[in-house]
Structures are given as C-alpha cells and as structure tokens.
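Engineer: Residues per chain are reported as follows:
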Amino acid sequence: MKAWLKFSPKMVNQAVITDLIKNFDVSFNILRADINPKGGKMLIEIKGSEAEKGITYIEKAGIDVSPVKRVVKKDKELCIDCGACVSLCPVKAISVDEDWAVDVNDEECIGCKLCTYSCPTKAIKVVE
Amino acid sequence: MKTIEEINQRIKDGDAVVVTAAEMTQIVKEDGADKAAKDIDVVTTGTFGAMCSSGAFLNFGHTDPPIKMTKSYLNGVEAYSGLAAVDSYIGATQPSKNPEIGIDYGGAHVIEDLIRGRDIELVASSYGTDCYPLTDLRTHINIDNLNEAIMVNPRNCYQNYASAVNSTDETIYTYMGTLLSNMGNVSFSSAGGLSPLLNDPYFQTIGMGTRIFLCGAEGYVIGEGTQHNTEVQRKNGVPVNGAGTLMLKGDMKQMDHEFVRGATMPKYGSTLYVGAGIPIPILNSDIASKTAISDEDIVCQVMDYGVPKRSKPIVVETNYKELRSGSIEINGVEIESSPLSSYKKALEIAEELKSWIDKGNFFLTNPVKLLASQGSSPGPLEIRRQTILVNEIKSKALIIASPNDDIRDVAKRMVQNNVNHLPVVDADQKLLGIVTSWDIANAVAKGKPMLKEVMTKKVVIAREDEPVDVIARRIDKHEISGMPIIDKNNRVMGMITAEDISRLMCARNREEGV
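Protein sequences appear in the order of chains A and B.
Just so we're aligned: the first sequence equals residues 21 to 148 in the numbering used here.
Just so we're aligned: the second sequence equals residues 288 to 801 in the numbering used here.
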C-alpha cells in the first residue's frame, strides 16, 4: 500500500522507520519526502507479509499514517494518445499499449503531477 | 507502368488495391517491389503531430453598416486582419491577449472550437472610412455562419525531425515538450515509416494539387512548405533530419474535430495537432520500394535542446524503431523516449483514407507541379546588430575570495572594490561558490565567521563564448543579479552583472540613436 506518514516535530529525531525495517518483514520504498526539524511528511510504499503489522507499529509509535486515496485519470475525450507523458513519469505508471493507446496505472502513480502539467491537451487529472 | 488515370478507373470500379504504409512494408518484404508494384495501387500514409505553422483564413461577411476591420479578436486571440475588410487569418501559435490565459488558449484552440461548431466571440475595430463607417463591433460567430473557413498551413508534415534531449541540470520547456534535466528523457515527433514524405522521399508523386486527407476532410497540397529543404544528408534514401515540408489547404467546414486538436506545450506556447494523410500512387516498382521504408530504416538525430542556439549539437543517431521501443541508449545509459505525435491517430488516418478510397469516395490527382527535389535550402536570419559575446564585455577587474576567508575581510574587499558579488575559488582559480553582499549581511546577523558557511555552492554561470542576450535571459529566469564567467578549463575569468548588461544596452541604443 501507499501512504503519507506525517511526522510531528518531536518525532523527527526518532528512528521509527529503522525499527520498522529491522523488526518486520516489509519492503519499504520512499517515494517523496519533505521533513525538517519542524516535522513533515513522507510518501511511502510498503509491501511484504508483515506490512499491516508494521503500519500498526509506526502508528503506535506516534506517526500519523494516512493511506493514499488517489485517482489518476486520463480523459479519453481530450487524450490524443501522443505519449508525451510516458517518458516523464518517474515510476513508469504510464505506458503505451499494443494499440498505441496511452495507459495510466492508478496503482503505480505517486501523484507528482508532472504528466498533468506537461500534457499538451490537459487530458490527465490527479485527484487526491 | 501504371497511370493515375488507370488507378482512378480501378477505384471507380471498386477494384483498386489500397494498403497502408505499415502494411506495404511487410508486403514488399515478402513479395519484392516488382510484384508489389503490380498488386498494389495506392499506399496511404498518415501523421498526427503538433504543427505550429498552421492557421486559417476566415471570411466573416459584411455588417450593416459595414466595417473595414484593422484589428480582430476571436475569443480574445488576435487574428491578422490586414487584408481587405472582413477577412482574417488566425494563426495557431497566437496566444490570448488576456495575460492570465496567455498560451493556455491560443489560435489553435480557436480553430478547434470552430471545427467543433462552438460559438466564438468576435471583437473587431477599425478607423472608419466613407464606405466603411463602422469602427467597432462585438458579436458571436460559428463555422456555419462564416462565408469561408479555409485552413491554410504554411509548413506541415516535416519529412523527418530531430528528437530532443536536454543536457543541462534543469528541466526545460520547449516545442518538443518537457525535457528533463541531465538527459532524463528523449522526445521525438514523427510517424516514422507511416509519415507521408518519408514514403515519397524524392517527391516523385507529391506536388501542387495532390488531393489529401486533412483533418478529416479532403484537402490539397498547395506546394512546398516554408523552409522546404532538399539538401539534408540522407541515409537509406531518406533524410536524417527535418527536410521537405508541405503547404496544405482544406475546408474547415468539412473537417472532423477527431483529427485536429488545439494544444499547449507548457511554458512554450499553443500549437495545432494536424491530422494529415497522403495517398501515394504505386506507379512503378521504384515507388513501391520507397514506400516499403520501415521505422528501423529511418535515422533520427538526437539533438541537445539545452543549447539555445540555431544549430544544436547532435548527441547520437538512432532510428524510429528504437525510439518507439520506449528507450534508447546514450553514452551507455538507457534513456526513456516518448513521442510527441500520436502514432495511434496516424494509423487511424492512414486507415480512414484507405477506406475512403476503397469505397470509391476519394480519387487521386495528377499534381500540376511536383515538389522541388533539389536546390532548395532555407537560409538563416542574420541579425544586423552584431551579437555581443560575454568576453567582449568590459567588466571590472576580477576580485575573488577563498572559502576559508574571514567574513570581515571579504566585506572589506567588497566595499573597497565597490562590488556586490564575489566568486569563491580554489588555488587553481576553479569555482567553488559565490557570495553576495546579502550573504555577508546574513552571516553577520547569524554570527557565522567563515565564508564557506554562507556562500552559495550551486552557482549559475556564464561561459565566455555565450551571447550576452542568452545571459540576460538566464539572469531573468533565475532572478539573480550576476554570475561568474567561466573559461573552457572551468576557471573563473570575471563576473557579469545585470548592471553590465544594462550599461551595454544603453551604449548600444545611444549608438543607434534610439
């Protein structure tokens, strides 16, 4: 699953994430992060057999976990299937299918919106 | 071997054999060009790409009392009306006059909205004459009540085109789309083996009067497009970069919005996606063999758009098969590639044109004059006023600092020499950072004694051989007031500041008597 972890200022100095990775069978990927001494947030993707246990652990440790409910959508009316967005996507969430149509994958998207901004016909929308 | 008239008779009889350029590649590979030339009558091509050099002539009809328009705006986008009284030309790249809308709605969007049948606000003004007394008007028009809406595109269907990368360390926004820093992606824009002028590379069949598919309607080739270039290097019989171009014409009242689209390249401008398809009559086996060209055979040069010069350096040569695979290799690194033109739409266009001919609704024409196949190459525009390079500017004597200098010494040096910027260098005079008088004030306020604690390490630089105009744009873009000048060996040679540039402009204006 993907989730935003929100760190309060007092959490910034604690090694909760290190403990999570040490003690649970999870694979953990940081997609975006913006943390400074005043706190901050981090977008993560967490997988593995103990992912749910791990999340419960970091929530108990004081990190606010909010699973990402994001919908990335391509407007079929507006999209001309040029593909300009494909090479801009940092996580390969956009691909060209066998019929040369552009496909957007909701699961992979991290919401950076580079595609939204760069689309010549403004056909991709990210709703969080 | 065959004539256009014979092919048209077969189309009429429902006997013509029509295939797309993609299918033809396979047919010639299997059967050879001689047999293909006997079997196949027409090959259809297609492309759907951003073609900035597009626009339309509109005739609004006369008002009562009449007006001789000198300015006209369509949904806030200016159309050129310096022709007669009620004719205007709306160009695809003209932005909205409203700065808050700007390039997000331009001439290309007006053209799409017209073709979609939407109402468009027309505002026009004039100086008034005895025969045209009206000086202002505001009304709504749509495609049905225009007398004529004729798309005339001065330069479409580039025969081939370079693909683009960006070697600088920041993202740039170009007509080739968004180019990520440090060659983070490659953008290309050609339908490759399906593209019209790559299937008739020596213009043996296409010329003035060739009937074509244009944005869902019947259109015509008027002649060579602007910047038509016959002198580009060829490999496998086709040019390796932008070469031949077409000037096209079509009736917008017959067009289909599925095959034309207004678009905006972010931070660049509006542009029109034009759908064009050209039928190639297979008159002999030579023409058949040329239409067999595949993506793999068409070389495409990758150019560095990070260099804002007319001739951009070629980074590597690739082909459309590699580009379309999703990544190409540059200097041993896999770089993701993606198209700016729609291959899906290009295929649809080739299929649509094929079905028109199959159904006997579209006949081929004998061009009045073939496109020029030699002796045509566009020249550059020379600016009479000499371009001034960075190293030609008289700048102040170079004052530098070392990272371990004491802040107070640096402050003293700045005051004594009356400068606001100091490059920080190492023993070899190589750049390490920069400090401004603001940084010094900041250091004093925070009680930091050493220069290296307050200097900016990421420095925007100017090269000795860059034009000053490029530096002015860089200063503006980064909202800075000056930058160090660096030589080929990365040594600091001096500083160039906004003040130097304004002084230069004043001197230049004085010389020219502005």
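Rather than coming from a laboratory, the hints here were simulated on the basis of the structure.
Given the structure is predicted, the values throughout are model-derived calculations rather than measurements.
Be careful, since some hints might not be right.
[To be verified] Derived SDA-like pairs (lysine to any residue); straight-line CA-CA distance at most 25 Å:
(1) LYS142/A to LYS384/B
(2) LYS631/B to GLU79/A
(3) LYS94/A to LEU634/B
(4) LYS133/A to TYR462/B
(5) LYS133/A to THR458/B
(6) LYS631/B to ILE55/A
(7) LYS145/A to PRO382/B
(8) LYS94/A to THR461/B
(9) LYS96/A to GLU639/B
(10) LYS133/A to SER454/B
(11) LYS744/B to ILE55/A
[To be verified] What the simulated footprint calls covered on chain B by chain A, stretch by stretch (three residues with Cβ under 8 Å from a Cβ of chain A suffice, anywhere in the stretch; the number is not a length):
(12) 575 to 587
(13) 628 to 634
[Claimed, not checked] Pair ranges (Cβ atoms, derived):
(14) GLY734/B to SER28/A: 50 to 56 Å
(15) ILE50/A to SER660/B: 36 to 42 Å
(16) GLU97/A to GLN673/B: 31 to 37 Å
(17) VAL147/A to ASP321/B: 36 to 42 Å
(18) VAL147/A to LYS735/B: 41 to 47 Å
Built from N, CA and C at the ideal position, the CB exists for glycine as well.
Engineer: Are the hints correct? Go through all of them and say.
Structural biologist: Now for the hints, and whether the structure bears them out:
no., hint, in the structure
1, LYS142/A to LYS384/B, "holds (21 Å)"
2, LYS631/B to GLU79/A, "violated (47 Å)"
3, LYS94/A to LEU634/B, "holds (21 Å)"
4, LYS133/A to TYR462/B, "holds (20 Å)"
5, LYS133/A to THR458/B, "holds (15 Å)"
6, LYS631/B to ILE55/A, "violated (43 Å)"
7, LYS145/A to PRO382/B, "holds (24 Å)"
8, LYS94/A to THR461/B, "holds (23 Å)"
9, LYS96/A to GLU639/B, "holds (20 Å)"
10, LYS133/A to SER454/B, "holds (23 Å)"
11, LYS744/B to ILE55/A, "holds (22 Å)"
12, 575 to 587, "violated (count 0)"
13, 628 to 634, "holds (count 6)"
14, GLY734/B to SER28/A: 50 to 56 Å, "violated (30 Å)"
15, ILE50/A to SER660/B: 36 to 42 Å, "violated (57 Å)"
16, GLU97/A to GLN673/B: 31 to 37 Å, "violated (51 Å)"
17, VAL147/A to ASP321/B: 36 to 42 Å, "violated (58 Å)"
18, VAL147/A to LYS735/B: 41 to 47 Å, "holds (45 Å)"
Checked against the numbered hints above, the structure violates hints 2, 6, 12, 14, 15, 16, 17; every other hint is satisfied.
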